[in-house]
Amino acid sequence: MTEIPEHLLKRAQAAREKSASSGGDADGGSAAESSGSASGAASSEAASSAASRIPEHLLQRSKAAKDNKAENQAAAGGGAVAVADKVGAVVAAAPAAGGGVPAGAGPGGHTQRLLTVVKPGSIQDVKATPVDKVHTWPHLLVGEFVAALACTAFTFLFSVWVNAPLLQLANTNETPNPSKAPWYFLGLQELLTMFHPMVAGVTIPGMGLIALVLAPFIDRNPSNKPEDRKFATSLMTVHLMFWAVLVMIGSFFRGPGFLFILPWRDGLFFEL
Amino acid sequence: MAKIIDDKPRQTVKDRVNSTVDAVQGSQAWNSIFRPGSIFRKGYTDSPRNRSYVIMNSVLYHLHPVKVKRHAVKVSYTLCLGGLSFFLFILLTVTGIFLMFFYRPETTAAWNDIQNLQTSVTFGLLVRNMHRWGAHLMVLAVFLHMARVFYHGAYKPPREFNWVIGVILLTLTLLLSFTGYLLPWDQLALWAVAVGTNMMGFTPVFGQEVRFVLLGGAEIGSETLLRWYVLHVLFLPFVIVIFMAIHFWRVRKDGGISGPL
Chain A
6 MTEIPEHLLK RAQAAREKSA SSGGDADGGS AAESSGSASG AASSEAASSA ASRIPEHLLQ
66 RSKAAKDNKA ENQAAAGGGA VAVADKVGAV VAAAPAAGGG VPAGAGPGGH TQRLLTVVKP
126 GSIQDVKATP VDKVHTWPHL LVGEFVAALA CTAFTFLFSV WVNAPLLQLA NTNETPNPSK
186 APWYFLGLQE LLTMFHPMVA GVTIPGMGLI ALVLAPFIDR NPSNKPEDRK FATSLMTVHL
246 MFWAVLVMIG SFFRGPGFLF ILPWRDGLFF EL
Chain B
303 MAKIIDDKPR QTVKDRVNST VDAVQGSQAW NSIFRPGSIF RKGYTDSPRN RSYVIMNSVL
363 YHLHPVKVKR HAVKVSYTLC LGGLSFFLFI LLTVTGIFLM FFYRPETTAA WNDIQNLQTS
423 VTFGLLVRNM HRWGAHLMVL AVFLHMARVF YHGAYKPPRE FNWVIGVILL TLTLLLSFTG
483 YLLPWDQLAL WAVAVGTNMM GFTPVFGQEV RFVLLGGAEI GSETLLRWYV LHVLFLPFVI
543 VIFMAIHFWR VRKDGGISGP L
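These protein sequence lines map, in sequence, to chains A and B.
Mind the numbering: the first sequence is residues 6 to 277 in my numbering, read in order.
Mind the numbering: the second sequence is residues 303 to 563 in my numbering, read in order.
Check before you lean on any hint, since a few could be wrong.
Claimed, not checked - Dumping the calculated BS3-like pairs for lysine-lysine here, alpha-carbon to alpha-carbon at most 30 Å: (1) 230/A / 316/B; (2) 316/B / 555/B; (3) 124/A / 138/A; (4) 138/A / 458/B; (5) 132/A / 371/B; (6) 458/B / 376/B; (7) 458/B / 371/B; (8) 371/B / 138/A; (9) 371/B / 235/A; (10) 230/A / 376/B; (11) 316/B / 132/A; (12) 124/A / 23/A; (13) 230/A / 132/A.
Said to hold, decoys possible - Cβ pair distances, simulated, as ranges: (14) 253/A / 506/B: 37 to 45 Å; (15) 377/B / 253/A: 26 to 34 Å; (16) 360/B / 232/A: 36 to 44 Å; (17) 239/A / 337/B: 56 to 64 Å.
To be verified - If you want a taste of the chain B side facing chain A, the calculated C-beta under 8 Å gives, among others: (18) 385; (19) 393; (20) 396; (21) 426; (22) 432; (23) 450; (24) 455; (25) 462; (26) 466; (27) 488; (28) 496; (29) 498; (30) 553.
FYI, nobody ran anything at the bench for these hints, they're computed from the structure.
Given the structure is predicted, the values throughout are model-derived calculations rather than measurements.
Virtual Cβ for every residue (Gly too), placed ideally from N, Cα, C.
Could you build the full structure based on these sequences and the hints that come with them?
Here it is as structure tokens:
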């Protein structure tokens, strides 16, 4: 059994109350309307009041036509028409017996029946599920604006207090000791102390980069819930930590000759 | 006669403010901004319709849809890292254009130009500092953005393609920073780049050839400086802007940012 939506129930309830209140004042008002819509024959006696919108003479004519038809069918007889005959008889007879209540009326005097309520999903192909959305302006743009302002302020203030390095003029004949790459390549330079340059400078970073590119094609797990992808998360964390630790060692723990030092003992050999 | 003039009520501050407001709102400039056909014909009142117009009737519509998922505006989800990477790129473009006015990519002039920029150009030192720190910050922001995207599983279908674009953008960011590193032509720049390019030479098959093309010779010299200057100010920004455009377009094509978790 299909459940009836709440708003329809409410509407029915309201209609019932309305008809009850108007029925109390002027008897036949509601009855006339309901009967008028279902069976013309019944309404002619019950309500010839102003409530009925169908003119009196039309109702009379319709009744006469129906009576005529019923008589004709009865005269014709025959097995095939028997059912129709009975129905016609019932329809014709009911008004007289019921006294105002139409033949098809339900237990509460209803003349209309709610056959079924079809939920939208069952016959319509609903592709988009509703998403909780907010306006980009102001909700997103204000945040972005504040972030941009904060970023500018930070860069500005940092630049006021800390100057970018500018060492002596470049001299190809004088190699500084140590010579260090920019900080983001110091992990590679650190690897250079352990492996052949091709492995340290090309193979390992190349494989790291290819692994990154292929990540969505290797990781076929469709979930984005952290608890479902502990392996991927740990692997990435190891990967990131690998580079972070190497960069930090290369930056702060390597001194002259790119030998291992302790920055708090031997000083800092690092320029940004 | 004098009395009559004195009796005339003196203008209060309120009257002056009102007359100024009237003058401004009656001016041609005001009426050309708030004219029929402009975004806000009668000023901005906060309504859903006007909120939509702010995006729809401006260039921002290329970047943002009118509405976004509620969870997407939470700062704790993205930490604004992608947006900040883009913003730092804009900041670097602006400061970089300023620096270009005072810099010649020649081995005889480059270092002196930087020195002069720092000592005799108004705000020269400040802008150079901002360019330098902004560049390091952008490398950091792009890197953290990538980590954030990975930990949210945002590289998964339908966003695989955008993830690949993102890895390309990370590489381009590193290259942009690295090519800029040489330009001051001081000891730090020269030897940092020497270490980096020596490593590149060990790439199998075409390593030496690529190194030769990038350096414009067997060793770092004046050709290298010119090449890296062009790469830094024109070639790589051009390429990265194209990839950024694809990146931002794909974000919207794939249904906005990922999540919620």
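Checked hints:
{"no.": "1", "hint": "230/A / 316/B", "verdict": "violated, 60 Å"}
{"no.": "2", "hint": "316/B / 555/B", "verdict": "violated, 53 Å"}
{"no.": "3", "hint": "124/A / 138/A", "verdict": "holds, 25 Å"}
{"no.": "4", "hint": "138/A / 458/B", "verdict": "holds, 22 Å"}
{"no.": "5", "hint": "132/A / 371/B", "verdict": "holds, 17 Å"}
{"no.": "6", "hint": "458/B / 376/B", "verdict": "holds, 21 Å"}
{"no.": "7", "hint": "458/B / 371/B", "verdict": "holds, 19 Å"}
{"no.": "8", "hint": "371/B / 138/A", "verdict": "holds, 4 Å"}
{"no.": "9", "hint": "371/B / 235/A", "verdict": "holds, 26 Å"}
{"no.": "10", "hint": "230/A / 376/B", "verdict": "holds, 18 Å"}
{"no.": "11", "hint": "316/B / 132/A", "verdict": "violated, 59 Å"}
{"no.": "12", "hint": "124/A / 23/A", "verdict": "holds, 28 Å"}
{"no.": "13", "hint": "230/A / 132/A", "verdict": "holds, 24 Å"}
{"no.": "14", "hint": "253/A / 506/B: 37 to 45 Å", "verdict": "violated, 29 Å"}
{"no.": "15", "hint": "377/B / 253/A: 26 to 34 Å", "verdict": "holds, 28 Å"}
{"no.": "16", "hint": "360/B / 232/A: 36 to 44 Å", "verdict": "holds, 41 Å"}
{"no.": "17", "hint": "239/A / 337/B: 56 to 64 Å", "verdict": "holds, 60 Å"}
{"no.": "18", "hint": "385", "verdict": "holds, 5 Å"}
{"no.": "19", "hint": "393", "verdict": "holds, 7 Å"}
{"no.": "20", "hint": "396", "verdict": "violated, 10 Å"}
{"no.": "21", "hint": "426", "verdict": "violated, 11 Å"}
{"no.": "22", "hint": "432", "verdict": "holds, 4 Å"}
{"no.": "23", "hint": "450", "verdict": "violated, 11 Å"}
{"no.": "24", "hint": "455", "verdict": "holds, 3 Å"}
{"no.": "25", "hint": "462", "verdict": "holds, 4 Å"}
{"no.": "26", "hint": "466", "verdict": "holds, 5 Å"}
{"no.": "27", "hint": "488", "verdict": "holds, 4 Å"}
{"no.": "28", "hint": "496", "verdict": "holds, 7 Å"}
{"no.": "29", "hint": "498", "verdict": "holds, 5 Å"}
{"no.": "30", "hint": "553", "verdict": "violated, 13 Å"}
In this structure, the hints that do not hold are numbers 1, 2, 11, 14, 20, 21, 23 and 30, in rising order.
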